[in-house]
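> One letter stands for each residue in the lines below.
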Amino acid sequence: MTKDDLQKLYKSKILPENEHPYHFQEIKSFDFQIEAYNPMCGDKYWLFFEQHGNQISNVFFHGFGCALSKASLSLLCKSLEGMPHKDAIELSRQFVQCLTTDLNFEFKKESLNTLAELKHFEGRVDCIKLGWEAVCNHFENYEN
Amino acid sequence: MVFIFKKHINKNNIKNVRTHFPIFKSQPNLVYLDSAATNQRPQSIVAAQSHFELYENANIHRGVYDLSNKSSQKFEKSRSIIAAFLGSENSETVAFTQGTTAAINIVARSYLEPRLKSGDNIVTTVMEHHANFIPWQMLCKKYGIELRVVPIDQNGDLDMMQLKEFIDHHTQLVAVTHISNTLGTINPIADIIAIAHAKEVPVLIDAAQSISHFDISIEHLDYDFLVFSGHKMFGPFGIGILQVAEKHIQQMLPLHYGGGMIKQVTIENTQFRDFPYNLDAGTPNISGVIGISAAAVFIDALGKKNMRQHLEELTYYALDVLAQIPELTIVGTPKKQAGIISFNAKNIHPHDVASFLNKDGIALRAGMHCTQPLLAQMGLQATARISFSVYNTKEEIDLLALSLRELIKFWS
Numbered sequence: 001m002t003k004d005d006l007q008k009l010y011k012s013k014i015l016p017e018n019e020h021p022y023h024f025q026e027i028k029s030f031d032f033q034i035e036a037y038n039p040m041c042g043d044k045y046w047l048f049f050e051q052h053g054n055q056i057s058n059v060f061f062h063g064f065g066c067a068l069s070k071a072s073l074s075l076l077c078k079s080l081e082g083m084p085h086k087d088a089i090e091l092s093r094q095f096v097q098c099l100t101t102d103l104n105f106e107f108k109k110e111s112l113n114t115l116a117e118l119k120h121f122e123g124r125v126d127c128i129k130l131g132w133e134a135v136c137n138h139f140e141n142y143e144n
Numbered sequence: 001m002v003f004i005f006k007k008h009i010n011k012n013n014i015k016n017v018r019t020h021f022p023i024f025k026s027q028p029n030l031v032y033l034d035s036a037a038t039n040q041r042p043q044s045i046v047a048a049q050s051h052f053e054l055y056e057n058a059n060i061h062r063g064v065y066d067l068s069n070k071s072s073q074k075f076e077k078s079r080s081i082i083a084a085f086l087g088s089e090n091s092e093t094v095a096f097t098q099g100t101t102a103a104i105n106i107v108a109r110s111y112l113e114p115r116l117k118s119g120d121n122i123v124t125t126v127m128e129h130h131a132n133f134i135p136w137q138m139l140c141k142k143y144g145i146e147l148r149v150v151p152i153d154q155n156g157d158l159d160m161m162q163l164k165e166f167i168d169h170h171t172q173l174v175a176v177t178h179i180s181n182t183l184g185t186i187n188p189i190a191d192i193i194a195i196a197h198a199k200e201v202p203v204l205i206d207a208a209q210s211i212s213h214f215d216i217s218i219e220h221l222d223y224d225f226l227v228f229s230g231h232k233m234f235g236p237f238g239i240g241i242l243q244v245a246e247k248h249i250q251q252m253l254p255l256h257y258g259g260g261m262i263k264q265v266t267i268e269n270t271q272f273r274d275f276p277y278n279l280d281a282g283t284p285n286i287s288g289v290i291g292i293s294a295a296a297v298f299i300d301a302l303g304k305k306n307m308r309q310h311l312e313e314l315t316y317y318a319l320d321v322l323a324q325i326p327e328l329t330i331v332g333t334p335k336k337q338a339g340i341i342s343f344n345a346k347n348i349h350p351h352d353v354a355s356f357l358n359k360d361g362i363a364l365r366a367g368m369h370c371t372q373p374l375l376a377q378m379g380l381q382a383t384a385r386i387s388f389s390v391y392n393t394k395e396e397i398d399l400l401a402l403s404l405r406e407l408i409k410f411w412s
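Which chain is which? The protein sequence lines are A and B, in order. Here the first sequence stands for residues 1 to 144, where the numbers follow the working numbering. Here the second sequence stands for residues 1 to 412, where the numbers follow the working numbering.
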């Protein structure tokens with residue numbers, strides 16, 4: 001990725017999501033919460049889930065991290081809302097796989113496809129997958 | 001090996017210094033500002049290692065043939081070189097380890113653990129690298145004793161009054177870094193050693209960030225334990241040094257068991273060699289040992305005084321240049337600082353800073369730098385960190401400032 005590419009990506013996708021993140025607030029009442037923490041860099045967020053039965057109704061998040069992790073979490077919140085648990089797990093797994101393996105998936109949200117294409121962004125995949133991986137880990141532990 | 005140093009490093013001869021580092025020939029636009037993580041390697045040190053590997057390779061202490069004898073001699077000569085580098089004529093004060101972390105853990109388990117008892121305490125500081133913090137924390141938890149953590153003041157200097165109060169006759173060890181790997185603070189280790197020794201408490205000095213440019217001598221500083229890594233003094237990864245004062249040598253117990261560190265083995269029992277050989281279970285990192293001794297020779301040829309002066313000039317120049325960018329906050333303003341500066345840019349996470357500067361060929365580190373207690377005390381989650389070595393120039397700092405200004409403008 002050239003410097004121009006990086007600037008274009010940040011200007012068009014990352015910075016708007018970073019500056020105006022979706023549901024970026026700490027809420028007191030929720031059905032369950034998930035910690036997304038990268039001990040290597042210090043990025044740390046809490047995700048707050050509201051649900052009706054097995055359907056996720058709202059996702060909020062709050063914490064500290066880089067523009068990429070925050071933008072990615074903002075998209076995560078938008079993406080998972082309205083999904084049954086199993087779909088949220090499947091989407092999260094696919095997104096993490098997209099970033100960490102040679103597998104490719106076509107996501108309905110174009111912004112997710114853009115993020116997933118950053119798998120070769122030097123040293124920053126951990127930032128992008130932080131929240132998604134936390135969701136996967138949570139549900140895997142929950143399921144087990 | 002031919003060296004051309006022993007003179008003040010300045011803008012006229014810095015190019016000459018850089019020629020010893022092939023990476024700058026292959027990547028002439030690289031602005032490497034991450035020497036606190038690892039130094040770049042001079043040709044002579046890599047050559048010393050590869051010469052051994054290619055033309056002199058044999059295992060040590062296990063053969064009577066010439067090649068093995070020469071290898072053993074070279075290995076032990078390296079120990080003598082390191083001892084002399086540290087102001088000692090006694091090579092048996094020097095043990096080879098896997099690095100600073102391993103050396104600290106050896107002191108924790110081989111020296112300290114067997115002597116701990118209820119009511120004891122260990123004194124360390126909040127600015128330590130995790131490597132010089134967690135081993136003591138774990139020992140304290142295991143034996144139910146107190147870990148006393150000296151805080152810093154608002155400038156990033158150690159609270160020396162608190163340190164003095166913390167050290168008492170129940171303190172079993174004071175473990176402190178010479179230079180903070182996050183703030184660049186130079187700690188007054190001579191004073192700390194004097195305070196501790198007044199109460200007969202031994203002191204471990206983590207010299208990982210200072211060994212290449214500070215005169216560190218057991219004769220003058222009178223520390224009890226000194227630890228550092230090869231790769232932060234132009235040497236190879238995976239090798240480090242633990243120097244132990246003569247008065248403690250008998251108390252250094254074996255840690256790993258195996259060949260090479262024994263006097264006699266019977267079915268019923270084993271007798272071990274004395275320190276430092278009782279730590280050499282199995283085949284050691286022989287080429288690493290040769291590499292770290294070559295690094296000591298390189299540093300001596302360069303002159304620590306020259307290098308320290310160069311780093312101080314770069315540090316204060318960078319502090320001046322960065323202070324002129326209003327969106328930046330320098331993290332810590334200690335009384336004495338060398339080679340390392342942390343900063344944060346308004347509204348831009350350090351990882352984003354590092355990613356963008358990377359596109360301009362500038363390599364710096366972002367994150368917590370393995371100092372989470374320090375950042376927690378300062379109310380920070382992460383910093384961007386620049387660190388210098390002998391090959392850095394003021395022009396590189398100007399490029400850094402230019403790149404930061406461009407990023408800040410882009411981000412706004």
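No lab work stands behind these hints, which were simulated from the structure alone. Hints are supplied without guarantee of correctness; some may be wrong.
Calculated lysine-lysine pairs in the DSBU-like style (CA-CA distance at most 35 Å, straight line) [as the list claims (entries may be wrong)]:
#	chain 1	residue 1	chain 2	residue 2
1	A	44	B	141
2	A	108	B	409
3	A	86	A	119
4	B	77	A	11
5	B	77	B	346
6	B	336	A	44
7	B	164	A	13
8	A	13	B	199
9	B	305	A	108
10	B	77	A	8
11	B	304	B	164
12	B	117	A	119
13	A	11	B	346
14	A	109	B	305
15	B	409	A	11
16	A	3	B	164
17	B	336	A	11
18	B	359	A	3
19	A	119	A	13
20	A	3	B	141
21	A	8	B	305
> Now tell me, hint by hint, if it's right for this structure.
How the hints compare with the structure:
With a CA separation close to 26 Å, the supplied pair residue 44 (chain A) and residue 141 (chain B) stays within the 35 Å bound. Between residue 108 (chain A) and residue 409 (chain B), the direct Cα distance comes to roughly 34 Å. Compliance with the 35 Å bound is thereby established for this hinted pair. Between residue 86 (chain A) and residue 119 (chain A), the direct Cα distance comes to roughly 25 Å. Compliance with the 35 Å bound is thereby established for this hinted pair. A threshold of 35 Å between alpha carbons decides the hint, and for residue 77 (chain B) with residue 11 (chain A) the separation of about 58 Å lies outside it, so the pair is violated.
Distance hint between residue 77 (chain B) and residue 346 (chain B) is unfulfilled; the C-alpha atoms sit about 52 Å from each other, more than 35 Å. A hinted pair counts as satisfied when its Cα atoms are at most 35 Å apart, and residue 336 (chain B) with residue 44 (chain A) qualifies at roughly 32 Å. Between the alpha carbons of residue 164 (chain B) and residue 13 (chain A) the distance comes to roughly 53 Å, so the proposed pair goes past 35 Å and is violated. For the proposed pair residue 13 (chain A) and residue 199 (chain B), the alpha carbon gap of about 61 Å is over 35 Å, so the pair is violated.
Taking the CA atoms of residue 305 (chain B) and residue 108 (chain A), the gap is about 62 Å. The hint is violated against a cut of 35 Å. Restraint check: the Cα-Cα separation between residue 77 (chain B) and residue 8 (chain A) comes to about 57 Å, which exceeds 35 Å; the hinted pair is violated. Between residue 304 (chain B) and residue 164 (chain B) the alpha-carbon distance is near 30 Å, which keeps this suggested pair within the 35 Å criterion. Distance check on the hinted pair: residue 117 (chain B) and residue 119 (chain A) sit about 52 Å apart at the alpha-carbon level, beyond 35 Å; violated.
Between residue 11 (chain A) and residue 346 (chain B) the CA atoms are separated by roughly 17 Å; this keeps the pair inside 35 Å, and the hint holds. Restraint check for residue 109 (chain A) and residue 305 (chain B): not satisfied, since their Cα atoms lie roughly 59 Å apart, outside the 35 Å limit. A hinted pair counts as satisfied when its Cα atoms are at most 35 Å apart, and residue 409 (chain B) with residue 11 (chain A) qualifies at roughly 12 Å. Restraint check for residue 3 (chain A) and residue 164 (chain B): the C-alpha separation of about 51 Å exceeds 35 Å, so the hint is violated.
In summary, the hint linking residue 336 (chain B) to residue 11 (chain A) is not supported, as the alpha carbons are separated by about 40 Å, beyond the 35 Å threshold. Straight-line distance between C-alpha atoms of residue 359 (chain B) and residue 3 (chain A) comes to about 5 Å, which keeps the hinted pair within the 35 Å bound. Between residue 119 (chain A) and residue 13 (chain A) the alpha-carbon distance is near 16 Å, which keeps this suggested pair within the 35 Å criterion. In summary, the hint linking residue 3 (chain A) to residue 141 (chain B) is not supported, as the alpha carbons are separated by about 49 Å, beyond the 35 Å threshold.
A distance of roughly 46 Å separates the Cα atoms of residue 8 (chain A) and residue 305 (chain B); the hinted pair therefore is violated under the 35 Å criterion.
Hints 4, 5, 7, 8, 9, 10, 12, 14, 16, 17, 20, 21 from the earlier list are contradicted by this structure; the remaining hints agree with it.
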